[in-house]
Each structure stands twice: as C-alpha cells, then as structure tokens.
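Number of protein chains: 2
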Amino acid sequence: MSTPTVISIDGMGGDHAPEIIVRGIAMARERHPLIKFLIFGDEALLKPLVALEAILSDCCEIRHCPDRITGDAKPSQAIRTGRNSSLWKSIEAVKAGEAAAIVSAGNTGALMAMSKLIMRTLPGIDRPAICALFPTMRGETAMLDLGANAQCDARNLLEFAVMGECFARALLGIERPTIGLLNIGSEDLKGTDTLKEAAGILKSSHLDIEFHGFVEGDDITKGTVDVVVTDGFTGNVSLKTAEGTAKLFSQFLKNAIKSSFLAQIGMLLAKPVIMQVMARTDPRKYNGALFVGLNGVAVKSHGGTDGFGFANAVGVAYDMIARDLNRRIGQELERIGSTTAALQAVASK
Amino acid sequence: MSTPTVISIDGMGGDHAPEIIVRGIAMARERHPLIKFLIFGDEALLKPLVALEAILSDCCEIRHCPDRITGDAKPSQAIRTGRNSSLWKSIEAVKAGEAAAIVSAGNTGALMAMSKLIMRTLPGIDRPAICALFPTMRGETAMLDLGANAQCDARNLLEFAVMGECFARALLGIERPTIGLLNIGSEDLKGTDTLKEAAGILKSSHLDIEFHGFVEGDDITKGTVDVVVTDGFTGNVSLKTAEGTAKLFSQFLKNAIKSSFLAQIGMLLAKPVIMQVMARTDPRKYNGALFVGLNGVAVKSHGGTDGFGFANAVGVAYDMIARDLNRRIGQELERIGSTTAALQAVASK
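Sequences listed follow chains A and B, in order.
What the first sequence shows, in my numbering, is residues 119 to 467, in sequence order.
What the second sequence shows, in my numbering, is residues 119 to 467, in sequence order.
Worth double-checking, as some hints may not be accurate.
No distinction is drawn between identical chains; accordingly, a pair holds when it is met within one copy or between any pair of copies.
Stated by the list, open to error - As a list, the in silico DSBU-like pairs of lysine-lysine whose alpha-carbon atoms are at most 35 Å apart:
id, residue 1, residue 2
1, K192, K321
2, K192, K165
3, K192, K314
4, K154, K376
5, K314, K376
6, K321, K365
7, K340, K314
8, K321, K213
9, K213, K403
10, K372, K192
These are calculated hints, taken from the structure and not from any lab test.
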C-alpha cells in the first residue's frame with residue numbers, strides 16, 4: 119500500500135476558504151502520510167498558505183483557477199458560467215483520472231450539479247443523495263438524503279434505500295443492514311402519501327432488503343435501524359437540528375462549569391472523559407458527507423467548518439477510496455439491478 | 119387568585135396510562151395547590167391509583183368512561199366511534215365550561231380532530247397547529263407546527279406565523295417577536311415552492327410582523343428567531359431529532375463517567391452543575407405542547423412520558439389559563455384580522 123492516493127481539493131469553497139482548506143489538508147496529511155493533493159484555486163492566495171505548512175511541501179500541487187463559485191450561486195448558473203472555477207476544475211481532475219476523489223466545502227447545489235454532469239451517476243440511479251454517518255446509542259447509523267433533493271417522490275426514496283443499504287454494508291460492515299423510512303409516527307397510517315407509497319413497495323417487494331418500516335426522529339440516535347431514508351429537506355433539517363442540539367448541550371455544560379468553583383475542580387478530574395464525550399459528539403468529527411450514487415467519489419464538507427473538520431472530510435474521501443466503496447456499491451446495485459428496475463417501474467406509475 | 123382552576127384530564131391516553139397520568143396530576147397539584155382535576159377513564163383502574171395519592175383526596179373527581187382511543191386509531195374513526203371515550207369526554211368538559219383546559223397524552227391526531235370538532239377554531243384560523251418552546255442559547259424559542267398537519271400550503275404557514283407571533287408575545291413577553299421560516303438554506307432560492315411563496319407573502323405584506331426570513335435547523339437552538347414556523351412533518355422530525363440528540367449526549371456522558379474512577383470523584387464535585395444542565399435540557403421539562411388556534415385550551419403530552427413529564431404538561435395548561443393566553447391570541451388575531459384575511463386571499467390563489 120505504498121501508492122499515494124491523490125485527492126482533488128476545491129481550494130476556494132466554503133465560508134473560510136482558502137485558509138481552513140489549506141489548514142485542513144495539512145492536518146489530513148499528518149494522519150494519512152500517503153495522501154497527495156491537487157488543490158485548485160487562486161494561486162496568489164493559496165501559495166503563501168501552503169508555504170506556511172511544512173508538511174505540504176512535497177505533496178501538494180496548486181493549479182490556478184481564476185474563478186470561484188459563491189455560496190449563493192444557483193446550480194444552473196454555476197454550470198453555465200463556472201467552467202473556470204476551482205469547483206469545476208477539481209471535479210474534472212477526478213473524471214480525468216488525475217485524482218481519486220474530490221472534496222469541497224463550497225456550494226452544495228453546485229457541487230452536486232457539476233458532479234452529476236461531469237462524473238455521471240451510477241447505472242440505475244436517477245438522483246444521487248447526500249449520505250453521512252450519525253453517532254447513535256448502538257454505534258453509527260447512515261442517513262440519506264441530507265440535502266441534495268428537497269422534494270422527493272417514492273421512486274427517489276427507493277433509490278436512497280438501495281444505496282443506503284449498500285453504503286452501510288460496505289462501510290459499517292453489517293451483513294444485512296436494516297432500513298427505516300423517516301416519518302412522524304411508526305404506525306402505517308401516518309405521514310405523507312409519498313411515504314406510504316414507498317413503504318408499500320419496500321414491504322411487498324422481492325428486494326433483498328431488511329425493511330424495518332417507519333422510524334421517527336428520535337430513532338436516529340437510538341440506532342433503531344442501520345440506515346435512515348428520508349427526503350433531502352427533512353434530512354437536512356434533522357441533521358442541522360441534531361448539530362444545533364449537540365452545540366447547545368456543550369455550551370450549557372461549559373457555562374455551568376464556569377459558574378461553580380467546586381465544579382471546576384471536579385472537572386479537572388473528569389476532564390479526560392468529558393473531552394471524550396465532546397469528541398464523540400463533535401459535529402466536526404462527522405464532517406464529510408458522501409454524494410452517493412455518483413460514478414466517482416465526491417465528498418462535501420460543511421461550509422462553516424474549521425481545519426479539523428475539513429481534515430475529517432478529506433478522511434472520509436480517503437476511506438471511500440481505501441475501501442473501494444464505489445465499486446462495491448456498483449456491484450451491489452448490479453446484483454439487485456433487475457429488481458430495482460422492476461420497483462422503479464412500479465413506483466413511477 | 120383563590121378560585122380553583124379545573125383541568126380536565128384524559129386518564130387513559132398514552133403509553134403508560136393510567137399510572138403515570140395519576141402520578142403526574144399528583145405532582146402537578148404539589149406545584150399548583152389551586153388546581154382541581156376532572157379525570158375521565160376506567161373508574162375501576164383509576165380509583166385505586168388516585169387513592170394512593172393522598173394529595174389528590176380532595177381535588178380530584180373521577181368520571182367513568184367505558185372507552186379509550188388507542189394510539190393507532192385513525193382520527194376519522196376515533197370521531198365516529200369514540201363518543202364515549204375518555205378523550206372525547208375530557209374535551210367536552212371544556213366546551214361545557216366545567217374545566218378550563220384539557221390535557222391528554224393520547225393519540226395526537228384524535229385529540230386534534232376531536233378538539234377541532236368540539237371546541238372549534240379561533241375566528242380566521244383554518245388549521246390549528248402544535249406549538250411548544252425549545253431551549254436555546256439565548257433563552258427560549260417557540261416552534262410550530264410540531265405535528266398536527268403533515269402537509270401544509272403557504273396559507274397554513276402564514277396562519278402559523280401569525281399564531282406563533284401572538285404566542286411568543288404573550289408567553290415570552292417579547293414586544294416584537296421575530297419570525298423565521300424553517301428551510302434548508304437561508305438564501306432566497308433554497309427550498310420548496312411552498313416555502314418561497316410563504317416567504318414572499320410575509321416579506322411583501324403589510325402584516326405587522328418581524329419576518330426574519332429563512333432559518334435552518336441549527337438556528338432553532340441558536341435562538342436566531344423567537345418563532346420558528348414549519349410544516350407539521352418537518353417540525354415533528356426536528357423536535358424528535360433534538361430530543362434524541364439530547365438523550366444521546368446525556369447517555370454518553372453517563373457512560374463515560376462510569377468508566378473512570380477519577381471522573382467519578384470529579385463528578386461528585388461537579389454534580390450540582392451537571393444536574394443543572396441535565397434539568398435544563400431534559401425533554402420532560404419541555405413536555406406539553408399547546409394546540410394553538412383552537413377556541414379553548416388543549417395541551418398534548420408526549421405519549422411516552424413519565425409522571426414528571428405529564429405534570430409539566432399540566433403546568434403548561436395551567437400557565438395558559440393563568441395568563442389568559444387564548445383570549446390574548448384572539449385579540450391579536452382580531453387586531454391583524456383584516457390583513458390576515460387579505461393575505462389568505464392572496465395565498466389561496
């Protein structure tokens with residue numbers, strides 16, 4: 119395993135680019151000494167930042183791009199006018215075989231639209247989804263879609279179920295991952311017509327999938343199922359609600375400790391385990407969402423993350439490549455392909 | 119203020135009824151010595167439970183009802199066949215003026231459907247919503263709808279904005295509460311067509327409302343706005359995700375402390391402030407959601423709560439009555455009534 123893994127980086131994407139991007143890849147390189155980076159963006163800005171990180175001196179090539187995609191750009195507009203942007207060029211490097219994956223903290227919609235256009239989707243997949251892991255009482259649960267598709271029909275949800283199942287099998291090593299559809303009640307009669315339709319098909323199908331049924335918002339962290347399937351609107355709100363709640367909890371804890379001298383003494387003793395809990399629920403640790411369903415590896419980092427968070431997103435891309443995940447997902451999709459096609463035919467009318 | 123407040127209780131609703139219901143009202147009575155209870159349900163079950171609670175001996179009347187509405191009953195079916203149920207009878211007691219509010223931990227859909235049928239809605243309100251407070255970095259934020267209406271159009275969202283504004287003004291004492299529409303991005307181009315339509319009307323309107331614009335999932339706990347408006351599907355998933363995340367955090371903390379002797383010693387010193395944080399984020403503390411928009415006070419408790427949680431839901435009902443909240447909401451709605459009607463006309467076509 120001495121071949122280096124080249125990862126393509128959108129140097130200009132996100133709220134704190136390019137500073138935290140360069141800091142993040144330096145941290146990622148510390149963890150994975152075999153990574154090399156192709157970083158795209160404004161050379162005049164990137165060069166001095168890279169020069170500050172000694173560890174990047176022999177593993178980082180800067181490719182100058184004059185343009186950047188802003189966070190508020192419409193995906194359609196980004197595609198039309200962004201061919202010289204750092205985002206476009208960094209995705210193209212994967213398509214061209216120069217890099218094995220692309221990581222960006224930039225505009226989610228533009229990353230998705232450009233990735234679909236340049237990389238194309240896996241055979242049988244209409245809509246790629248954003249998939250990531252959540253910490254749970256029982257370990258980790260995969261959830262998708264976290265924001266790629268605001269409105270979904272039953273067919274989209276079925277595709278997500280199939281992809282999520284493959285993802286959990288490959289990444290979490292679970293032989294028969296259980297799948298749950300996120301709803302506002304576990305009873306069959308609850309929720310929207312789209313959800314009822316999707317559940318009906320998943321239940322009655324010959325798909326070789328462990329369909330658990332409907333799950334609710336608190337089932338995510340309970341770890342009731344291995345894969346939680348939902349539309350991108352609900353998934354995104356749920357993800358951000360969870361992040362916000364974790365931050366609130368840490369903040370309350372910090373404030374409370376500051377307010378008491380005895381607690382401060384106590385915390386000196388308890389610090390190692392408190393730090394352990396903070397680390398375990400740190401949203402930055404879970405930063406890095408896979409765009410699953412693409413014919414290539416694209417990882418989206420949170421736009422507002424710091425260097426530590428961005429390094430974790432690079433780590434997700436690295437893991438995807440190391441575990442040859444996309445090829446395994448492709449094989450899984452091929453294996454159940456005929457059934458999926460049949461299901462989609464049912465779902466589409 | 120020596121007049122007793124009578125609260126009507128659905129004695130048979132929820133996962134652990136009637137045990138935790140009776141425990142809960144006993145705890146509520148300890149906090150509010152002026153409450154009296156009318157409790158509806160199976161007398162043979164309720165009588166011995168009430169007899170165990172000395173504090174209830176002179177403030178609790180049991181009314182026997184042979185039927186109960188199960189958690190999986192469809193609202194339409196509950197209305198047709200549930201006229202002798204504890205839920206129906208407990209709502210009727212409010213309509214009849216025997217009680218000032220009803221509290222139930224039972225079937226949410228049935229409680230909403232029956233309440234609408236028996237109490238009717240406030241003038242100008244088409245769809246009542248479920249509204250509750252969330253703890254935030256800045257204090258508390260009201261959020262609605264938390265699950266009454268799975269699918270909402272722009273008109274529904276406008277009604278929620280108007281009601282949420284009144285709720286925050288009266289309950290949180292904020293002169294000009296800020297309103298945010300929950301979305302998957304704060305930019306104008308994000309989200310569904312329904313959200314864009316609702317935002318457009320709220321922005322361009324002459325409604326005397328501080329419309330902040332779109333907010334995201336993590337803005338809820340940040341306290342970015344005083345009122346978060348969303349459809350009942352998203353609101354319910356978000357609420358339950360937040361509850362699940364808070365539980366996960368506490369569980370991780372407990373496990374970590376157990377694993378280290380030093381941490382256990384430290385925790386003895388820090389215990390008071392840790393307990394304070396736990397109490398501040400305890401979902402049971404926030405148990406009790408108001409069905410806002412009804413011509414009467416109906417409070418829904420979590421179905422799976424315990425006595426402590428149910429007592430808090432009774433406390434919410436008590437506060438609503440003490441602050442004469444519904445009359446104030448009615449006045450507010452009347453004040454902005456003509457504008458609302460105009461908006462609804464716009465929204466409905």
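Results for each hint:
In this assembly of identical chains, K192 and K321 lie within 35 Å of each other by CA distance solely across copies; the values are 21 Å between and 38 Å within a copy. In the homo-oligomer, the alpha carbons of K192 and K165 lie at most 35 Å apart inside one protomer (29 Å), although the nearest pairing across protomers, at 64 Å, exceeds that limit. In this assembly of identical chains, the alpha carbons of K192 and K314 lie at most 35 Å apart whether taken from the same copy (32 Å) or from different copies (15 Å). Taking the shortest alpha-carbon separations for K154 and K376, neither the intra-copy value of 43 Å nor the inter-copy value of 42 Å comes in at or below 35 Å.
Within a single copy, K314 and K376 get their C-alpha atoms no closer than 49 Å, and across copies no closer than 43 Å, so neither meets the 35 Å cut-off. In the homo-oligomer, the alpha carbons of K321 and K365 lie at most 35 Å apart only across protomers (30 Å), although the nearest pairing inside one protomer, at 37 Å, exceeds that limit. Taking the shortest Cα distances, K340 and K314 sit within 35 Å of each other both inside one copy (23 Å) and across copies (34 Å). In the homo-oligomer, the alpha carbons of K321 and K213 never lie at most 35 Å apart, since the shortest distance is 38 Å inside one protomer and 43 Å across protomers.
Taking the closest pair of Cα atoms, K213 and K403 come within 35 Å of each other only inside a single copy of the chain (28 Å); across copies the shortest separation is 53 Å, beyond that limit. For a Cα distance limit of 35 Å, the shortest separation of K372 from K192 qualifies neither inside one copy, at 39 Å, nor across copies, at 45 Å.
Violated hints, in rising order: 4, 5, 8 and 10; the structure is consistent with all others.
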